[in-house]
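Just add 26 to wherever you are in the sequence shown, counting from 1, and you've got the numbering used here.
Simulated from the structure, these hints should not be mistaken for lab results.
Hints may contain errors.
Stated by the list, open to error - Simulated restraints, written as ranges between beta carbons of each label pair:
hint, residue 1, residue 2, range
1, D333, A227, 51 to 61 Å
2, E303, E112, 48 to 58 Å
3, P411, I549, 50 to 60 Å
To be verified - List time: in silico DSSO-like cross-link candidates among lysine-lysine, alpha-carbon distance up to 27 Å:
hint, residue 1, residue 2
4, K79, K137
5, K180, K286
6, K388, K334
7, K286, K304
8, K180, K125
Computed from a predicted structure; not experimentally measured.
Virtual Cβ for every residue (Gly too), placed ideally from N, Cα, C.
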Amino acid sequence: MKTRLLIFLVLISLVFLPFASGQQLVGVVAMPSFSLKPGAASYPAADVDEFGKLHLAYAYTPFNYSSQSFSVSDMRVYYTYYDPDEEEFSTPLMISLEKGTAYDPAIHAEKGYVWVTWTQYYYAFEDQPEEYNKEIFLAAFNGTQWIGPVDVSKTLDDHLHHSSIGSTLYVDPEGRVYVFWYEIGRGTYGVYYSVYNRTFADPDYWSSMGDSEAWDGPHLISEEGAFAYQPNGGVDPQGYVHIVYWQRIKGLDWDLFYVKLKDGAIVEGPTKIFDGEKQSVNPKLAVDPLGRLHVFWHEVIQLSGSDKYFAIMWMMNDGSGWSQPVEITNYSGNVLLGRNAQPRMAFTPDGRAYIIWRNPEKDEVYFAYYDGSSWSSWINLSNSPGSSAGYSIIADEGGVAHAIFVDSTRGHSELYYGLINGTEVTGFATVQTTLTMSSGGANPPRILPGPGDYDYVIFVSFPVGVYPELEQHIYFMEISPMAAEYKLDNYEVRSLDTTFMSARIYQFVEDFQDRLGSAERAIAVAQEAIAALTSNMSAVQQDLSSLQSWLSEVDQTVSDLSQQVGVLEGRVEDLESSVGTLQDDLQQLADALSALDQRFQDANETLNELVSNFNSLSSTVDNIDSRVSDLASRLDQVESDFQDFKSSQEDQISNLQDSIRAVKLVAYSASVIAIVLALVALALVARK
Numbered sequence: 027m028k029t030r031l032l033i034f035l036v037l038i039s040l041v042f043l044p045f046a047s048g049q050q051l052v053g054v055v056a057m058p059s060f061s062l063k064p065g066a067a068s069y070p071a072a073d074v075d076e077f078g079k080l081h082l083a084y085a086y087t088p089f090n091y092s093s094q095s096f097s098v099s100d101m102r103v104y105y106t107y108y109d110p111d112e113e114e115f116s117t118p119l120m121i122s123l124e125k126g127t128a129y130d131p132a133i134h135a136e137k138g139y140v141w142v143t144w145t146q147y148y149y150a151f152e153d154q155p156e157e158y159n160k161e162i163f164l165a166a167f168n169g170t171q172w173i174g175p176v177d178v179s180k181t182l183d184d185h186l187h188h189s190s191i192g193s194t195l196y197v198d199p200e201g202r203v204y205v206f207w208y209e210i211g212r213g214t215y216g217v218y219y220s221v222y223n224r225t226f227a228d229p230d231y232w233s234s235m236g237d238s239e240a241w242d243g244p245h246l247i248s249e250e251g252a253f254a255y256q257p258n259g260g261v262d263p264q265g266y267v268h269i270v271y272w273q274r275i276k277g278l279d280w281d282l283f284y285v286k287l288k289d290g291a292i293v294e295g296p297t298k299i300f301d302g303e304k305q306s307v308n309p310k311l312a313v314d315p316l317g318r319l320h321v322f323w324h325e326v327i328q329l330s331g332s333d334k335y336f337a338i339m340w341m342m343n344d345g346s347g348w349s350q351p352v353e354i355t356n357y358s359g360n361v362l363l364g365r366n367a368q369p370r371m372a373f374t375p376d377g378r379a380y381i382i383w384r385n386p387e388k389d390e391v392y393f394a395y396y397d398g399s400s401w402s403s404w405i406n407l408s409n410s411p412g413s414s415a416g417y418s419i420i421a422d423e424g425g426v427a428h429a430i431f432v433d434s435t436r437g438h439s440e441l442y443y444g445l446i447n448g449t450e451v452t453g454f455a456t457v458q459t460t461l462t463m464s465s466g467g468a469n470p471p472r473i474l475p476g477p478g479d480y481d482y483v484i485f486v487s488f489p490v491g492v493y494p495e496l497e498q499h500i501y502f503m504e505i506s507p508m509a510a511e512y513k514l515d516n517y518e519v520r521s522l523d524t525t526f527m528s529a530r531i532y533q534f535v536e537d538f539q540d541r542l543g544s545a546e547r548a549i550a551v552a553q554e555a556i557a558a559l560t561s562n563m564s565a566v567q568q569d570l571s572s573l574q575s576w577l578s579e580v581d582q583t584v585s586d587l588s589q590q591v592g593v594l595e596g597r598v599e600d601l602e603s604s605v606g607t608l609q610d611d612l613q614q615l616a617d618a619l620s621a622l623d624q625r626f627q628d629a630n631e632t633l634n635e636l637v638s639n640f641n642s643l644s645s646t647v648d649n650i651d652s653r654v655s656d657l658a659s660r661l662d663q664v665e666s667d668f669q670d671f672k673s674s675q676e677d678q679i680s681n682l683q684d685s686i687r688a689v690k691l692v693a694y695s696a697s698v699i700a701i702v703l704a705l706v707a708l709a710l711v712a713r714k
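Make the full structure from the sequences, and use the hints.
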């Protein structure tokens with residue numbers, strides 16, 4: 027019975043275990059590394075190559091069962107790709123160092139090659155093994171194998187806790203690899219770059235890429251001692267690399283700076299391209315298909331008093347110089363107030379542009395359109411009574427923009443997808459409503475161009491009802507807009523043709539089949555175990571016959587023991603009689619001991635009284651002794667006082683005697699003088 031129950035439980039666990047791991051959703055899929063075991067995926071960075079493959083780098087933190095939590099120290103960078111022909115993801119591969127927190131990857135893919143950069147805590151101080159710097163690392167795939175990781179920032183020798191963060195990655199048409207980042211240390215925020223200054227034509231291009239010494243850098247771009255942030259940009263068709271960043275000198279405002287590089291070196295700049303009245307921050311540079319440069323940034327616009335707002339500004343450089351700045355959030359005096367944040371851009375093949383952004387104060391997503399000569403008014407794209415965020419945009423060959431955003435009007439996160447043709451919004455519809463999506467920060471949703479009419483969409487979400495509750499995955503969808511007519515009225519979908527969703531939605535069918543095959547194999551193993559158990563039944567029956575014979579022998583032994591028990595019972599009766607006599611003797615002894623104990627208690631009480639009387643007598647003697655001591659002390663004091671009095675009287679008598687002698691001497695002297703005077707007087711009288 028227990029064997030059958032165990033087999034049943036094994037089969038149940040094999041059948042239902044796949045559904046306990048979070049893969050119960052239909053319509054979207056979690057990347058394999060996230061759904062097969064609990065963990066938290068974040069920082070997705072994606073690129074699509076010319077073959078339509080989606081390449082994804084991301085940070086992954088496994089769930090720590092000991093602490094029942096996630097530890098940032100366990101975060102590492104992984105890579106996987108999606109092949110649209112195979113309709114499956116590759117096995118995820120950890121490409122970062124095994125030790126040290128790794129996060130914030132950037133990725134570039136082309137010609138079957140892949141380059142990934144990221145920030146990682148680097149423990150490389152031999153004399154201080156627990157200390158680290160944050161370094162920028164790169165790993166590359168050459169078509170057959172991965173190379174690296176290699177430290178390209180190389181700021182380890184400066185000092186402890188020097189941080190290289192915010193890497194961006196660019197590859198020119200000849201294969202030179204540029205990595206930009208900004209540095210935190212020594213009280214400054216500097217913009218740096220390193221370059222792998224070899225081309226695809228060099229025979230040692232791939233073999234030397236993993237050697238840190240083969241990288242030229244790091245080179246400081248920003249002004250020495252200045253605060254500088256977030257370098258980003260692009261590569262034009264001629265192989266020039268264009269970068270913008272924001273910088274300020276202590277005590278001054280933030281300004282925009284631009285630099286241009288070619289063949290591994292700076293050929294123009296750094297140049298201040300805009301100096302506003304207040305602060306110019308968070309610039310983004312993009313190169314359109316015609317090779318023109320577009321820069322968007324936030325400008326702090328001062329209103330009356332202390333009021334201000336964050337405007338979105340734009341400038342373009344078509345090769346003849348920078349155009350005059352245009353405030354996109356101010357169309358003919360119609361100003362969109364608030365903090366207009368994080369603009370994202372998309373370009374058509376003929377150089378038209380779309381920009382999309384969010385206004386946190388209004389909780390809406392907005393867009394504007396550039397027709398090649400001027401910008402349209404800003405337009406509320408989400409237009410819902412709830413909170414809208416988490417947006418992304420691309421443009422197709424026909425000049426139509428495909429956009430997504432996240433809205434929570436209905437009390438939960440919903441992903442909306444739709445098309446924009448110029449300023450005409452053809453409609454947005456909900457394509458995912460069952461997840462709790464992350465809409466910003468390091469995990470905004472992304473839309474990328476897929477093969478044919480398909481778009482790739484990736485987003486980060488927290489699955490509902492899956493243990494642990496903090497589990498976080500990256501999800502993927504393929505969507506084709508087709509030509510269906512669908513519209514959005516406020517936030518309710520008014521009409522939606524179901525052909526809109528007739529896309530290839532990847533659903534882990536093969537994975538389920540693999541697990542079903544595992545269950546079938548487990549059933550086969552169980553059947554073999556049952557067959558083996560059946561073949562052993564005859565041996566078990568023989569064992570049972572032997573057991574019955576042994577039980578008969580046991581019965582005879584029990585009978586013999588019963589007779590011996592009868593004899594023992596008679597002896598027990600005799601012992602009970604002897605025990606009764608012994609108990610009487612013991613009772614008499616107990617009575618005697620009780621009487622003796624009473625006498626002992628009486629004697630003890632008498633002794634206690636004697637001790638008490640002795641203590642009282644001793645106390646009386648002590649009192650008498652104390653009084654005698656006091657009396658003796660007083661007698662000594664009287665004797666001392668008498669001696670002092672006697673000594674004092676003797677001194678007074680001695681002084682009195684001295685006084686008497688002095689008086690006698692004075693009287694004697696006076697008598698002598700009187701006699702002399704009398705004689706003198708007589709003598710005088712006699713002369714007369």
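Taken at face value, is the distance from the CA of K125 to the CA of K180 at most 27 Å? holds (17 Å)
Can you tell me whether the CB distance of P411 to I549 sits inside 50 to 60 Å?
holds (54 Å)
Pairwise hint evaluation, K286 against K180, where the allowed Cα distance is 27 Å at most: Distance ~23 Å between K180 and K286 Cα, so the pair holds.
- Item | Cβ distance range 51 to 61 Å for D333 and A227, holds or violated | holds (58 Å)
### Query
Does the alpha-carbon distance linking K286 and K304 stay inside the 27 Å limit?
holds (26 Å)
- Assessment of proposed distance window 48 to 58 Å (beta carbons of E303, E112): Since E303 and E112 have Cβ atoms about 56 Å apart, the given range 48 to 58 Å holds.
K79 and K137 were given as a pair; does the straight-line alpha-carbon distance stay at or below 27 Å? holds (11 Å)
* **Restraint status (C-alpha distance of K388 to K334 at most 27 Å)** => holds (16 Å)
The structure shown violates none of the earlier numbered hints.
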